[in-house]
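Chains C and F are the protein sequences, given in the same order. Counting from 1, position 31 in the first sequence corresponds to residue 30 in numbering that gives the first Met the number 0; the numbering is continuous, with no gaps. Counting from 1, position 254 in the second sequence corresponds to residue 253 in numbering that gives the first Met the number 0; the numbering is continuous, with no gaps.
Hints were generated in silico from the structure; no laboratory data involved. Careful, some of the hints might be misleading.
Claimed, not checked - Far from chain F, by Cβ distances over 12 Å, these chain C residues were calculated:
no.: 1; residue: H3
no.: 2; residue: K119
no.: 3; residue: L135
no.: 4; residue: A206
no.: 5; residue: V214
no.: 6; residue: E294
As the list claims (entries may be wrong) - Listed below are the simulated DSSO-like cross-link pairs for lysine-lysine, each with C-alpha atoms no more than 30 Å apart in a straight line:
no.: 7; chain 1: C; residue 1: K117; chain 2: F; residue 2: K23
no.: 8; chain 1: C; residue 1: K117; chain 2: C; residue 2: K132
no.: 9; chain 1: F; residue 1: K166; chain 2: F; residue 2: K154
no.: 10; chain 1: C; residue 1: K255; chain 2: C; residue 2: K238
no.: 11; chain 1: C; residue 1: K119; chain 2: C; residue 2: K132
no.: 12; chain 1: F; residue 1: K166; chain 2: F; residue 2: K244
no.: 13; chain 1: C; residue 1: K255; chain 2: C; residue 2: K116
no.: 14; chain 1: C; residue 1: K132; chain 2: C; residue 2: K238
no.: 15; chain 1: C; residue 1: K119; chain 2: C; residue 2: K238
no.: 16; chain 1: C; residue 1: K53; chain 2: C; residue 2: K238
no.: 17; chain 1: C; residue 1: K53; chain 2: C; residue 2: K264
no.: 18; chain 1: C; residue 1: K255; chain 2: C; residue 2: K119
no.: 19; chain 1: C; residue 1: K119; chain 2: F; residue 2: K96
no.: 20; chain 1: C; residue 1: K264; chain 2: C; residue 2: K116
no.: 21; chain 1: C; residue 1: K53; chain 2: C; residue 2: K255
no.: 22; chain 1: F; residue 1: K154; chain 2: C; residue 2: K132
no.: 23; chain 1: F; residue 1: K96; chain 2: C; residue 2: K116
no.: 24; chain 1: C; residue 1: K116; chain 2: C; residue 2: K132
no.: 25; chain 1: F; residue 1: K23; chain 2: C; residue 2: K116
no.: 26; chain 1: F; residue 1: K77; chain 2: C; residue 2: K132
no.: 27; chain 1: C; residue 1: K119; chain 2: F; residue 2: K23
All residues carry an ideal CB built from backbone N, CA and C; glycine is no exception.
Below, each chain spelled out in residue letters.
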Amino acid sequence: MFSHLRSAARYVLARDFSLRRHEVWPDDIFLVSFPKSGNTWTRFLLGNLMNPDKSVGFADIETVVPDIAVFPRADFRRLRRPRLIKSHDCFDPRYRRVVYIIRDPRDVAVSLYYYAKKVKNIDDSFSLEAFVKRMLVPGRSYNGTWGEHAGSWLVNATNIAEFTLHDNGAPPHSAGSPMKMDAPGARGHGREFLLVRYEDLLQDAPAGLRRIAEVLGLEASPERIEQAVARSSADSMRKLESAQNLQWATTRETRKDIPFVRQAKSGQWRTALGASSIAEIESAWGHLMRLTGYELASTT
Amino acid sequence: MMIRLAYLVNYFLERDIAGRALYKLPDDIFVVAYPGSGGQWLRRLVANLLEPSSPVTETNVMSRLPDLYHVSRRDLAKMNRPRIIFSHECFDPEYGKVIYLVRDPRDVAVALYEQRCQGRSIENALSLEQFVPIFFMRTDEYQGGWSEEFSGSIKANHGFAYRSRLKDEFLGTPASWGENVMSWMGARGRDPNAMLMLRYEDLFSDPQAELGRIAEFLSLGRSPERIRSALEAAQGQATPQDPGKWSTVLPETAAQAIASVWGPVMTAMGYTLQACGDGALPRPGGTESGHHTNRTRVEEYR
Chain C
0 MFSHLRSAAR YVLARDFSLR RHEVWPDDIF LVSFPKSGNT WTRFLLGNLM
50 NPDKSVGFAD IETVVPDIAV FPRADFRRLR RPRLIKSHDC FDPRYRRVVY
100 IIRDPRDVAV SLYYYAKKVK NIDDSFSLEA FVKRMLVPGR SYNGTWGEHA
150 GSWLVNATNI AEFTLHDNGA PPHSAGSPMK MDAPGARGHG REFLLVRYED
200 LLQDAPAGLR RIAEVLGLEA SPERIEQAVA RSSADSMRKL ESAQNLQWAT
250 TRETRKDIPF VRQAKSGQWR TALGASSIAE IESAWGHLMR LTGYELASTT
Chain F
0 MMIRLAYLVN YFLERDIAGR ALYKLPDDIF VVAYPGSGGQ WLRRLVANLL
50 EPSSPVTETN VMSRLPDLYH VSRRDLAKMN RPRIIFSHEC FDPEYGKVIY
100 LVRDPRDVAV ALYEQRCQGR SIENALSLEQ FVPIFFMRTD EYQGGWSEEF
150 SGSIKANHGF AYRSRLKDEF LGTPASWGEN VMSWMGARGR DPNAMLMLRY
200 EDLFSDPQAE LGRIAEFLSL GRSPERIRSA LEAAQGQATP QDPGKWSTVL
250 PETAAQAIAS VWGPVMTAMG YTLQACGDGA LPRPGGTESG HHTNRTRVEE
300 YR
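Next comes chain C alone, as it looks inside the complex (with noise of 0.2 Å):
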C-alpha cells in the first residue's frame, strides 16, 4: 500500500520516469543501444565534448546526458534544447535523431554476465554458458535481446530481405557487404540515424567522436575532442567510479566488488566464450553480425 502511495505521489508530480512514455520533441538526440554496448563511454565522450569546462563524472552524468529510465520525467522540460537522451529502448518510431552505437554480441555477453552479477540478478555459481543460453530467449525483458534490439533498429527498406527466413523471390542477400555507418536505419524517410560500432570507436576515439559531433551539429574543435577523449578515458572513468559509485544510481545498490567499467575492450570473448556459447550466438544472430561487419568464428 505504501508503495502505491509513493508511486500515486510521483506520478501526480511528474517525478517518475518517462520510458516510452517520454514526451518525444522533434530535436531530440537519442544515445541508444543494447546495455553493456559502449553507451556510457559515448555519454560521457558526448558530456565532456558539450561542457568542456568542467570534467563529467558519474555523479552528474544523469543530468549532463539524462537516461529516459532514471531521470524525473518533469525535469526534462527544463533540459536546454537539443536534448541528448540516453535510451536501451528497442525501435521507437517517434525518435527521429538516434546514434545507434553497436558491439559485437559476444562481448556484450561477456560483459552483461559480470553486469548481471554486479547487480544480483543471478550469483557467483551461474555458469556463462548456462547465460548466453538464457539472453537467446526473446519476450523475457524490456529491452529484447540483442538481436531484437539492434534488429528493430537497423533494419530498413535495402536490407529487410536479410530479416526473412524464406524467399519470397526478394533481391539476393548481400553477404559481405557490411552496413555503412551513416546508412539508414529502420528509418529512411527524412529521419537521422547514425550507426557507430563500439569496436571503431575504441579504435580511433578522436575520429569517432567528430563524426557524431559532425551528424549532431556539436561545435568540435581538435582541443576540445582531445580533452574529451581525455577526460572519458577507461583510466579516469575507473577512478571516477571508485569516487562516486554511490552517487550514481545505477551502480548505487549494487556489488562494490565487480566494477562497473570493467576492461574497456573488444575481443575478450575470444577467451571468455566456450565453443557452443559462440556458436549459439552466431546462429542466432549470424545475419545481423555479417550486417555490421562482425566476422563468424564457427563455421556453419
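Mind docking chain F on chain C? Use the hints.
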C-alpha cells in the same frame, strides 16, 4: 494535473487502459496487425479456433480476445491463461509469442481510407489520391498526447472520460505500415518460434492451411475438425475483402508513392510491385484459368 488525478482514481478502480504499457505475463500470446490489415477478421478466426464449440459474437469478442486499446486492467486480469491479446503495436520485446498479420500496403491504404470515409459527408472527404501521401505515408503522427507538435488523434477524438483512463494519455505506437512491418521483421523475422508471420492474402486464399499453421504455433495440434468448425463459425462474422482491390481503385500516383518508399519491404513480404493489368493473372505454373478471378490474383501473391 487534473487528468493525472483522474487517472489515479481510474487506476485504483482498475479501470485504466493499458495500451502499449500493458503488464505482460510470460505466457501471453499476441495477435498483431497494422490497422486496416484484416486484424479484426483474424481475431475472430483465432478466437473461434481456441474454442470451436462456442463461436465468438460481437458482444463477447472483447472479452474472449481483447485488444489493448479498450479493455480495462481489471478485465484483462480476469482472463483465463494463457491470455490472447490483440494489438496494433510496432515491435515490442515483451511480447512472448506473436502471430503477425501483414497485408499488401496498397490494400491497407484503401481499407483505411474506406474506414475514414465512413460517417463523413462526401464534401468533407479527402480523395484517396490525397489520403495516401497526407495520412497513409505519414510517419510522424502517433496516437497519444505526448508529442510536442502532434497532440495526436486521441486528444482530438476522445473526451476526458476516456483520456483519463490512459497514463499520460499514452496509448501506443503503431507507427506507419512500413515501420510496423519492418520493426517486427527486423527483430523476429528469423525466429519462427517467437513470431508466426501470416499474409492476409494467404489467409484469404487458403484459410485451412493458415489456420493449421496458427493451431500448430499455439500447440493446439492440427485437428482438421477444429479448423473446419472455426471457419464455419466465422462465416458472416467478419467478411474479408478480396485481395487486390487497390488495382481497381487506387490511383497510379498513390500506388507509385507507396512502392517508391516501401517497395523492397513489399518485395520481401512477397508482393509484386507491378499493377496487375486488367484482372486475371497467369498462374505461376503457366496454366490459365478463366474463372475465379480472385483466386488467380491471390495465386500471384504466393
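Results for each hint:
1. The Cβ of H3/C does not lie farther than 12 Å from every Cβ of chain F; its closest approach is about 8 Å, which violates its non-interface assignment.
2. Against the 12 Å criterion, K119/C stays outside the reach of chain F, whose nearest CB is about 21 Å from its own CB.
3. Against the 12 Å criterion, L135/C falls within the reach of chain F, whose nearest CB is about 10 Å from its own CB.
4. The beta carbon of A206/C is kept farther than 12 Å from every beta carbon of chain F, the shortest such distance being approximately 28 Å.
5. Consistency note on V214/C: stated as away from chain F, and its beta-carbon is indeed over 12 Å from all of that chain's, at 20 Å minimum.
6. Residue placement check: E294/C keeps its beta carbon more than 12 Å from all beta carbons of chain F (closest about 19 Å).
7. For the suggested pair K117/C and K23/F, the alpha carbons sit about 26 Å apart, so the restraint of at most 30 Å is met.
8. This hinted pair checks out: K117/C and K132/C have alpha carbons roughly 19 Å apart, not beyond 30 Å.
9. Distance restraint check for K166/F and K154/F: the Cα-Cα separation of roughly 13 Å lies within the 30 Å cut-off, and the hinted pair is therefore satisfied.
10. Restraint check for K255/C and K238/C: the C-alpha separation of about 14 Å stays at or below 30 Å, so the hint holds.
11. A threshold of 30 Å between alpha carbons decides the hint, and for K119/C with K132/C the separation of about 18 Å falls inside it, so the pair holds.
12. A C-alpha spacing of about 39 Å is found between K166/F and K244/F, which places the hinted pair above 30 Å, so the restraint is violated.
13. Using a Cα cut-off of 30 Å, the hinted pair K255/C and K116/C holds, with the two alpha carbons roughly 11 Å apart.
14. Under the criterion of a C-alpha separation no larger than 30 Å, the hint pairing K132/C with K238/C is inconsistent with the structure, at around 34 Å.
15. For a cut-off of 30 Å, the pair hint linking K119/C to K238/C stands: about 23 Å separates their Cα positions.
16. This hinted pair checks out: K53/C and K238/C have alpha carbons roughly 16 Å apart, not beyond 30 Å.
17. Note on K53/C and K264/C: the hinted pairing holds, with a Cα-Cα distance of about 26 Å set against a maximum of 30 Å.
18. The straight-line distance between the Cα atoms of K255/C and K119/C is roughly 11 Å, inside the 30 Å bound, and the hint therefore holds.
19. The straight-line distance between the Cα atoms of K119/C and K96/F is roughly 28 Å, inside the 30 Å bound, and the hint therefore holds.
20. Note on K264/C and K116/C: the hinted pairing holds, with a Cα-Cα distance of about 19 Å set against a maximum of 30 Å.
21. For the suggested pair K53/C and K255/C, the alpha carbons sit about 27 Å apart, so the restraint of at most 30 Å is met.
22. About 44 Å separates the Cα atoms of K154/F and K132/C, which puts this hinted pair outside 30 Å; it is violated.
23. Among the hinted pairs, K96/F with K116/C is consistent with the structure: their alpha-carbon atoms are about 28 Å apart, no more than 30 Å.
24. Annotation: proposed proximity of K116/C to K132/C holds, straight-line Cα distance about 16 Å (limit 30 Å).
25. For the given pair, K23/F sits about 25 Å from K116/C by alpha-carbon distance, which is consistent with the 30 Å threshold.
26. At roughly 33 Å between alpha-carbon atoms, K77/F and K132/C are farther apart than 30 Å, so this suggested pair is violated.
27. Taking the CA atoms of K119/C and K23/F, the gap is about 23 Å. The hint holds against a cut of 30 Å.
Comparing the model with each numbered hint stated earlier shows that hints 1, 3, 12, 14, 22 and 26 do not hold.
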